[in-house]
Every structure is written in C-alpha cells, then in structure tokens.
Amino acid sequence: MKYVVETKNLTKSFGKEQAVQSLDMKIAKGEIYGFLGPNGAGKTTTIRMLLGLMKPTSGSIQVFQQDLKKSRISILSKVGSLVENPSYYPHLTARENLEAWRKILGAPKSRITDVLAIVRLSDVANKKVKGFSLGMKQRLGIAAALLNNPELLILDEPTNGLDPSGIIEIRELIKQLPQSHGMTVLISSHLLSEIDQLATTVGVLTKGKLIFQDSIEAMRKLAKQNISLRVSDQDEAHRLLLAKGIQTDYQKDRLILSEFTDEEIANAIQFLVQKQIAIYRVEEEKRSLEDIFLQMTREDQVG
Amino acid sequence: MIRKLIQVEFLKSKRKGFWLLVFLGGFGVVALQMVNYGVRKEYLLQQSDNDWIYYLMNISNFTPLALVLGIAILTSFMTSIENETNAWKQLIALPVSKLTVYLAKFTVLAFMLLVASLLLTLFTYGYGVFLDLGAIPYGALLKYSFYPFFASLPILALQLWIATVSNNQAIPITTGVIGVLPSFSAQNLPDWLIWKWPSLMNSWNEPIYYVWLGLGVGCLLYFVGMFDFARRDVK
Amino acid sequence: MLAILRSEIFKFRKANIWALIFVGPVIAIFAGLVDSGELPVNSWVYTVLMMNLVYAVLFLPLITGVFASIVCRYEHQAGGWKQLLALPVTKGRVFLAKYLLLVSLVFLMQLLYLGAIYLVGNMQGFAEPFPLEIIWKSVLGGWIATFPLIALQLWLAIWFKSFAAPFAVNVIFTIPTILALNSEKLAPFYPWAQPYLMMNIGGKVDAMFFVPWDQLLIVVGGSFILFFLGGYFLFNRKAF
Ligand SMILES: Nc1ncnc2c1ncn2[C@@H]1O[C@H](COP(=O)(O)OP(=O)(O)OP(=O)(O)O)[C@@H](O)[C@H]1O
Ligand SMILES: [Mg+2]
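As they're listed, the protein sequences go chains A, B and C.
Under my numbering, think of the first position of the first sequence as 1385, with each following residue one higher.
Under my numbering, think of the first position of the second sequence as 6, with each following residue one higher.
Under my numbering, think of the first position of the third sequence as 99, with each following residue one higher.
The hints are simulated quantities; they were obtained by calculation from the structure and are not laboratory data.
Accuracy of the hints is not assured; some may be wrong.
Unchecked claim - Pairs of lysine-lysine residues, derived as BS3-like cross-links and limited to a Cα-Cα distance of at most 30 Å, are as follows:
id, chain 1, residue 1, chain 2, residue 2
1, C, Lys112, A, Lys1512
2, B, Lys21, A, Lys1487
3, B, Lys103, A, Lys1413
4, B, Lys103, A, Lys1454
5, C, Lys180, C, Lys112
6, A, Lys1514, C, Lys283
7, A, Lys1512, B, Lys46
8, A, Lys1487, B, Lys103
9, B, Lys9, A, Lys1487
10, C, Lys180, B, Lys21
11, A, Lys1512, C, Lys259
12, C, Lys259, B, Lys46
13, B, Lys46, A, Lys1511
14, A, Lys1659, A, Lys1454
15, A, Lys1591, C, Lys112
16, A, Lys1487, B, Lys240
17, B, Lys240, C, Lys112
18, B, Lys103, C, Lys336
19, B, Lys103, A, Lys1514
20, B, Lys19, A, Lys1493
21, C, Lys283, B, Lys21
22, B, Lys240, A, Lys1591
23, A, Lys1439, B, Lys9
24, B, Lys240, A, Lys1439
25, A, Lys1493, B, Lys46
26, A, Lys1439, B, Lys46
27, B, Lys9, A, Lys1493
28, A, Lys1659, C, Lys189
29, C, Lys259, A, Lys1487
30, C, Lys180, A, Lys1511
Claimed, not checked - Some, not all, of what chain B presents toward chain C, calculated at C-beta under 10 Å:
id, residue
31, Val34
32, Val44
33, Leu108
34, Leu136
35, Pro177
36, Gly181
37, Val182
38, Val185
39, Ser190
40, Leu194
Backbone N, C-alpha and C fix where the C-beta goes; we use that ideal spot for every residue, glycine too.
Chain A on its own, in the form it takes in the complex:
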C-alpha cells in the first residue's frame, strides 16, 4: 500500500512534556482522513510537523513517499494547508493576500478568482482583511489552501467560526475533492459528528497518542449508540424488561438501552406496548466524542 502521508514513530517534546508520542499515521491516496482529538491532544503539533514548520524530536515523516526532511520544498509545492486560526495580512485586501501567496506558489493568476468564488468571497475580494469577520477570515484561509490545487490538503479545524451554511458549504466542498481533483485530505476536528459526515478514515489522538486509526465504519461500530426511552411508568417498565432479561440503565427521567441491535429494540418496545406502557419518546443518543474518548482511553488502559 502506498501512502500519501506516513509517519513512523513521530515524537515531539516541549521540554519534558511529550505533545506527540510515537505516532504511526498512515493516509492512503484519495482518502479523507479525519483527525480527531480533544483540546491539547497534539493535532496541531502533528500537522505543524507534517508541514515542516516544526522539527520532530524523533521519528520520520514521508509525504508522497519522499522524506520530508530532504524534499520539503518539492513536497510543499503539492500541499495546501490551513493551520489553526487563519493567517492573513490585515492591511492587504483578500485578493492581495492571495496574490502574495500565489506569487510564491507560481499558480496562474486566474486561480485567485476561482478560489475566491469557491469560498464565496468574490464580493469582498477588494476589501481589507482587517475588517473581515472571523468566518470570512477562515474562508480566506481555506481559499489560500486551495490556491495551488494541491494533491494533499491539510485543514486544521477548518469550520472554526463558520456559520451553519458555511459549514455545510465547506463540507460539501471537501467531500467532492477526492473524486473531482484526486486530492487526499487531512482534516482535524474535535467533533465526531463533523468527521462522521466527511471522513473515510479516522485517527483518534489523545494525550499525544494515536489510539485509533481505521475506517469510519470501524469507528461507527466502536461508537455503539444508546437508545433512550421515556415511558409513562418508568419503574414498571424497568422491572418488566428486567424480568424478560433485558438490562436497562435506569436514569432519572429515562431508561437507557445500550448495545442493542435494531431488532432487539423493536422487540423491547413491542413488549412494553403490549404491557400497556405508553411510549412517549424513543431517542437515539449519539454518543459524544467525549464518551467515545472515555471508552477508548479506558480500553487503552486495559489493553
């Protein structure tokens, strides 16, 4: 398997603290790799190393099967990136900002107009960035990352500060990049829901360690979902289900059924209805990223 990005034993320490520990990250061509992790997990640090902004304390990085240390410039000419909050020159207009980067990249001038249209900044192209809203700056950052039509696009929390329609736009944009342009995308986020709708592969980082790296389907299986039930008589329902051998988690105002197949849920509800218990709500409780992290880190400690 040929990987677009492959790190081996990648480690970065700041003094005593290890921000990234022995990371073996693998991203195959055409994938959208969702890079998940809570605050301070080391996502941005990893991305900085992938871009050659920081030197690893140890370990190696291969991008396009070339060593980053040796071929940094030729690699970066095929990479587009947005790291953390977007960078910009406030005293220049959006167009001038892009022009400054375009000159270095050697992309055609018309590309500026294209990327401005893609991120919907055409109307404000000639306004100074100083007066931009947070989301507009973020869009400019995404435009800059697309400027050279990169083979590898690295986006660190790209939807930060965007409005709902902006989030959807950017998501749709990113989604179609692999097919339409053959791009490979690395996108970091705290939000599983966001990654869930985009990624084909997921890497979960916590405290500098990559504790999960697999397809999104594998991730979904891991993130088993709970069903919460609100009924007319909770005590009775709890008892009845228990008598039938169905374990539920009794909470203040609802019963939680976890790790059940669709069929099992259907049976349980049918049973309750037969027993004259009114069902008010059946809700799927998507487990938050934190829950999954908790689960994963627990497993991590056990294993």
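Add chains B and C with the ligands to chain A, keeping to what the hints say.
The following block gives chains B and C with the ligands in isolation, referenced to the frame of chain A:
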C-alpha cells in the same frame, strides 16, 4: 524564487508606511539642518572656513541616529507583518526555503535603507546648494551619505535577527534604543562596537575601514541570524 | 480603580520584561565609568553631567515609549481590548490605571538611576560626600518632565497595534532634542528636551528645580494637559 519572494515582500509592505519612513529618514536629517541654518546661519558660517564640509559634518551628526533607530523601526515593522497575525506558518508552509524568506526580508530592508541614503544625498545636495556654500565637494557628499549605510549593515543584520526571533517586539526596539547611544557619544568608545560604526569615527581616521568592516561583519551576522531562524520551529 | 491598577501591575510583572527598567541605569553606570578622564569641577557633578548625557537626552524619552507599548501589548494581542473593556470598568479608569503604572515605572527607574550615580561615585572613590539633595532634585525633575511624554506615548500605543509605529513617532520627536539643546532659545520650549534640562544639575540651584517655574508649568504642564486629555478622549471615543 528569491526574485518572487522579494516581490511578495514589497507587495506586503504596501500601506504599512515603509516608504513614508524611508522618506522621513532621508529628509528629516536634512530638515534638522534647515532649522539649524534657518535659525542661526550667520553664526554657523563663522564656525569654519570650509562651509560645505562644516555643513556636511552637521548633517552627519544626525545620520547615525536616524540610521540606527530607523533600522530598529523598519526591521520591527517588517517582521511584524508576519508576527502580528502568526502568518509565519502560512508563509513557511509554502514551498520556499526559510533561508530564502530571510534573505528576501534582508534584501528589501537593505534596499529601503539604500533609498533613504540616496534621498539623504539629494536633500543634502539640494539644501547645500540653496545655502550657497561655495564649491560642492561631491566626494565628501557621497561619503557622508553612503558610508554610514555600509557601516550599519551589521546593525541591520543583528536587528533583523532579534526582531524575527522575538515574540515581543519590545526586545528589538529596546536594543535599538541602546544601540543609538554609542552613535550619539561615539568618541570615547572602543572601535569594535558596531553601533559606533555609522558615526564613521575611528582611531585610524579612516572611515572607509568601516565600510569594509560593515560588509564583512554584516555578512557574518546575517548568516548567524539566518541559520538561527532556519533552525527554529515556526510558531 | 485600585483593582484595575493591581491587574495592570500583575500583567506587567508577568510580561517578563520588567527587567527593562534596569537597562538605563546599567548603561549609565558604564557611561559614568568610561568617562573618568580629567575631573575638573566637583567630581560628583562632572560624573552626573556625563551620565545624564547618555541617560537623559535620548534614552529616557525613547524608553518611555517602549514601556507604554509594553503596557498595551496584552490588549493588542488577540482581541484583549474587547476582553478588558467588557469587564465592569470604565475606559477612563483603564487609561488612568495604565498611565499611573507607567509613571510609577519611570519613577522606579529614576530611583535606580540615583542608585547608579551613587555606585559610580563610590567605585571612583570620590572624596566629597554624596550631594543627595542636588541629585534628588535632578532625578525627581527628570521624572516630572516625562509626564507629558508618557501621556503621548500611551495615546499612541493604544492607537497603533504595532510596536514600531508609536516608536517611530517617538523617534521623530526625540532626535531633534539634540539640536534643540544646542540652542538656548529653542530648548526651553521643546517638551522632549525637558527631561534633560530638568536633570541638568548646575542650573539655577536656588529654584525648586533646575528650570524656572514658568517653564515647568507652561511647557511641561501645558504639553501634559494636551497629550493626556488628547489620549484620554480619543481612547474614550475609540471603538474596539
Ligand atoms: N510551542 C509550544 N511550546 C510548548 N508547548 C506546546 C507548544 N505547542 C503545543 N504545545 C503543547 O502541546 C500539546 C498539544 O498541543 P496542540 O496544539 O497540538 O493540541 P491540539 O490537539 O491542536 O488542540 P486543540 O484542539 O485545542 O487545537 C499541548 O499540551 C500544548 O500545550
Ligand atoms: Mg489545534
């Protein structure tokens, strides 16, 4: 690549007031003598029998001050373009070598200082002619306008280094403030002090030495700064 | 008000560059030691004159601007003004607190400078006793003379985001000081020359300070009112 990077530096320096400062540097030094000669021309003309040289000396009292402080201001401005919005990461994530980025900044700054020196020459010449001081000593005019530029290259290299690696711009500005003191009271200080060099005073009485020293030591400090910049992680 | 001031002091201490107040006095010590040639008059007086030349002409006015920018640095970074002004404070008090902090810093630096003079004299082994009264007057006078400069620099430091811009203005006003000091006609009227003049011992010793009262009130007082009120009102009107 370097050519493109220099173009980009010029593009980014738009609307930042760089050229106003360059103009003020060259013009301001002469403007001070306009006030000086405006107020007490008779007295000043009595001070010496070579009025042109005396006029040039008066100007060259202020040239090193303007240069040293001007360098501190321009370098800090130049690096603040990236420092203020953390744009280093965007720039360095482009396919450029850090060494070239640094070289581009240095080149643009040196060019601005050279333009300031040129303006200084022109304004010195213009006001000198206006004062009607007699035969124009072209050699001395060029010497007092351009030697300080070369003599101050080590300061430029040092300030650029400090300004690029400092998070806090108070540090390069303070080194600028400290650096201006030797050029103001240069006579009693040892010759190896680079901040003394723009004043062109040395124990050999050979200002040209500072031109060669400035080029040599300037290169050295430039390389030290450049490699240190390349070695560091980008924030 | 006191709370704001305390918070300002805290931020400054955390800026890790409060050591900057030592820079001037240390340089002055070098200046005092380097220049020990012939000692014509009272050696204390001569030494102080030499040290003043290095410390008071350019350094003191320039460093006030650096301090002012440091005091506004946190606020300029990442929307700090919004953060600060969204607290239950009035803009006027914030301005005043910052101003008071700056004035106190310069006072501390002046005290250190006084210590530097004492140190140099002792290292040189001067026979005469330390003329505390004269030097105290000089140090205090120099401090008062920076009041208007601090006000202007604070104004500019609030106005400009970058460090270099207020400093550039400061340089433009400070360099002509050298010329102004050469002229007995101009010097008394130039605010940036006042720190040196008020520290310049050997002026009229009978007066409270080394410059006449009317000069102090009109030039220092007048420029102070202008710069302080200008900064104060513009800060109040500025939107963050
Ligand atoms: N320049 C630095 N110096 C010291 N420590 C650092 C530096 N950069 C990052 N760290 C530390 O490394 C760890 C990882 O930080 P990083 O920014 O990579 O996290 P992240 O996963 O991107 O978090 P977030 O989701 O909040 O963006 C943190 O504990 C942080 O304190
Ligand atoms: Mg991050």
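Compare the distance between the alpha carbons of C:Lys180 and B:Lys21 with 30 Å, and conclude whether the hinted pair is satisfied.
-> It holds: about 24 Å lies between the C-alpha atoms, which stays within 30 Å.
CA of B:Lys103 to CA of A:Lys1413, is that 30 Å or under?
-> Holds - the C-alpha atoms of A:Lys1413 and B:Lys103 are around 28 Å apart, at most 30 Å.
Are the Cα atoms of A:Lys1493 and B:Lys46 separated by 30 Å or less?
-> With Cα atoms ~57 Å apart, A:Lys1493 and B:Lys46 exceed 30 Å; violated.
Interface restraint verdict for B:Leu108 against chain C (beta-carbon cut-off 10 Å) | Cβ of B:Leu108 sits 21 Å from chain C, so the hint is violated.
Status of the B:Leu194 interface restraint (C-beta, 10 Å, chain C) | 7 Å, holds
Are C:Lys259 and A:Lys1487 close enough, with their CA atoms no more than 30 Å apart?
-> OK: C:Lys259 and A:Lys1487 at ~27 Å, within 30 Å.
A:Lys1512 paired with B:Lys46 [C-alpha distance capped at 30 Å] = 48 Å, violated
Go through the hint on B:Val34 and say holds or violated, using the shortest Cβ distance to chain C against 10 Å.
-> 8 Å, holds
Would you mind confirming whether the straight-line C-alpha gap from B:Lys46 to A:Lys1511 stays at or under 30 Å?
-> Status violated; Cα separation ~51 Å.
30 Å limit on alpha-carbon distance, applied to hinted pair B:Lys103 and C:Lys336 | Violated, because 39 Å separates the two Cα atoms, which is more than 30 Å.
Holds or violated: are the alpha carbons of C:Lys180 and C:Lys112 at most 30 Å from each other?
-> Roughly 20 Å between the alpha carbons, so the hint for C:Lys180 and C:Lys112 holds.
Would you check the hint for A:Lys1487 and B:Lys240, treating anything up to 30 Å between C-alpha atoms as holding?
-> Distance ~23 Å between A:Lys1487 and B:Lys240 Cα, so the pair holds.
The earlier numbered hints that this structure contradicts are 1, 6, 7, 12, 13, 14, 18, 21, 25, 26, 28, 33 and 34.
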